[in-house]
Amino acid sequence: MRPIVEFAAVTRAYGARVALDDVHFELLPGELTFLVGPSGAGKTTLLKLINREIRPSSGRLWVAGMPAHQIKASRVAELRRRVGVVFQDYKLLPRLTARENVAFGLQVGDLRVSDEEARDRSLDALEAVGLGDRGDAYPHQLSGGQQQRVAVARAVVGQPQLLIADEPTGNLDQETAWQMMDLFEDIAAWGTAVLVATHNVEIVTRLQRRVLTLVQGRLVRDQPAGWTGRMAWLASS
Amino acid sequence: MAGVLVKGRFPRRRLIQAVATNLVRHLFGGAARSWARNIGSTAPAIGSMTLLLLMSGLVGLTGFALHNLEQVEAGQASLLHVYLRDDAKPPDVASLWRHLLSDARVAGVTYINKDQALERAQRIPGLPQLADATESNPFPASLDVQVKKIDDVAAIDALVRYDVAVDPVYPTSYDKGAYQRIQAVLFGTAVAGFALLGLLGFVAVTVTMNSIKAAIHARRDEITIMQLVGAPRWMVRGPFVVEGAITGAVAGVVAGLITFGLTFAGIAAASGAFTRFAPGVTVTVAAAAAAIVLLVGLGLGSGSSLISLRRHMET
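Chains V and H, in that order, give the protein sequences.
Residue numbers for the first sequence follow my numbering, so the first one is 1 and each next one is one higher.
Residue numbers for the second sequence follow my numbering, so the first one is 1001 and each next one is one higher.
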C-alpha cells in the first residue's frame, strides 16, 4: 500500500531556531494517527508542511503523491484539494450558512460541481456529521462543537485522501470531543488517512491508535496502534 | 447478485453551465458585492481616476487636433511660390515647369496667372488696398510648387530662383519659420500634457492600489480560508482584479461621457471655429475618444489591482 504522507529527513528552521529536525515517518490510507507533544514541539509546523503552508528547509516530503518539498506555488492549490484540514478555530465564513460553507469548500476546489450537486453533497456531509437539520444555520447560531463538525464536513466533502486536524478538540468539552473522535474514526474507516494533533491525553490513551510524539522538533517516538495506554513504556523500552 | 457499478456521464451542456455559473459567481458576483460594500473606500479612487481619464481624453483630443493642424500647416509651409517675370516667354515658363515636375522632391506644380494672383491677394487682409492703389495688376503670375518634404523647400528654392523665367527682384516666397514654430508649440504642449498625465496617473494608481489594499485587508479571513481549502490562485485574486476593473470602468464611463459631452457641445455651439482650430475632431472622433477612455479606465483599474495584489496578498 502506497503511503499518503511520507517525510524523509525533513527539517524546518525559522532563522536559527529549528522547529522540526530530521523527521522520518509515513502515513497509510485508513490510518488514524495522533500527533502529540508539548507546546512548541513542532506539531503545527508539521501540519503546515503537509498542507504546504510552508516549505521544508531540507529533506523530502510527499503528500498524496505530490512532492510538497519542491512543487511550484501554482500547484499548491492542487495539493491542498487532496488534503482536508480542520482548524482549532474552525475557520468558517460567517456570512455563509453551514451548508454554504461546506459547498464553498467543494466548489472552490472544482468548478465543475453544479449548485445542485454541491447542495446534495454538502447536505450529505452535514448529515454524516450529525448536522443534517442545521444546514441553514449561520456559524454564530451554532455551538462550538457544531461549528467544528461543520468544519469537518467541509474538510471531507471533497473526499480527500488525507485529513489533518490541528487541536480539533481544543475548544470543545469532553463529551463533544469524544463525538469528534468517533467522527474521525469513521472517516479513517472509509480509507482516508487522518492525522490529529492534540493535547488531549485521555483521548490518545483510550483510543489505542498510532501515536507520533514530537519533542523539541524531533520525532522521539512512533508508537503503533494498540501500543498506547499505561503500558506504553514497553514500546520504548 | 452482485451489483454493476455504472459510471454516470455528466451531460456536456450541464457541465459547461456549471463551470460558467461558478466562474461568474466567484469572479464577478463576489467582486460586485465587495465593490458595493466598500464603495466608501473606493470613492477617492473613482474620483482621482475620473479626473485622470477626463484629462487624458481632453488632452488626447487636443493632441489629435494639434496633429491635424500641424499636417495642414506643414502642407501650407511646404508650398513654394515661384514668381514669374511679367515678360517671361511661354517656352521658358514651360521649360521651368517641366524641370520642376521632373524633380522627385516635387509633388505637384500649379500655374497661377496674374488674374488668379489678384483674386487670391484680395482674400488676404491688407492686400486689397494695395491692389486698389494701382490701376494695373501688381501681382505677378507664379508657379505654386508643392514640395513633398518641408525640409527640401529651401533646396528647390535655390534651384529655381535664378531661372530666366523667374522674377529677379522677388523670385520666391515661403514661410520658413511657421512649421518650426508649430513644432515647438506642439513639443511644449506634449511635454506639459504628458507631465500632467503622468502626475495624475501616479495619484490615480496609488489611490486605487490603496483601495484594493483596504479590500484585501477587509477580506483577509475569507482569503485565508479560500487558500487553505485549495482555491486556485486566480479564484482568490480574480475578484480583486475585477473589483479594480469595476472602479476603472465607472471612472471611464463618467470621464468618457464628459469628454464626449464637452466635445459635442463645442461642435454644436461653434462648428466653424471648431473646424478651424481643431481640425478632424468630429462627433465620431469624440465617441471613439470616449470609448478609448473607458478601455483605458478598465486597464488602469485592473492593472492597479494586480500591482496591489502582488504587494499585499500573501500566497
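Any given hint might turn out to be false.
In silico DSSO-like cross-links for lysine-lysine, where the CA-CA straight-line distance does not exceed 27 Å [as the list claims (entries may be wrong)]:
#: 1; chain 1: V; residue 1: 48; chain 2: V; residue 2: 72
#: 2; chain 1: V; residue 1: 91; chain 2: V; residue 2: 48
#: 3; chain 1: H; residue 1: 1213; chain 2: V; residue 2: 72
#: 4; chain 1: V; residue 1: 91; chain 2: H; residue 2: 1213
#: 5; chain 1: H; residue 1: 1148; chain 2: H; residue 2: 1114
What the hints contain is simulated information worked out from the structure, not anything from laboratory work.
Okay, the hints, checked on the actual structure:
For the hint pairing residue 48 of chain V with residue 72 of chain V, the CA-to-CA distance comes to about 16 Å; that is within 27 Å, so the pair holds. Distance check on the hinted pair: residue 91 of chain V and residue 48 of chain V sit about 15 Å apart at the alpha-carbon level, within 27 Å; holds. In summary, the hint linking residue 1213 of chain H to residue 72 of chain V is supported, as the alpha carbons are separated by about 25 Å, within the 27 Å threshold. At most 27 Å may separate the alpha-carbon atoms for a hinted pair to count; residue 91 of chain V and residue 1213 of chain H meet this at roughly 22 Å.
Note on residue 1148 of chain H and residue 1114 of chain H: the hinted pairing holds, with a Cα-Cα distance of about 26 Å set against a maximum of 27 Å.
Checked against the numbered hints given earlier, the structure satisfies every one of them.
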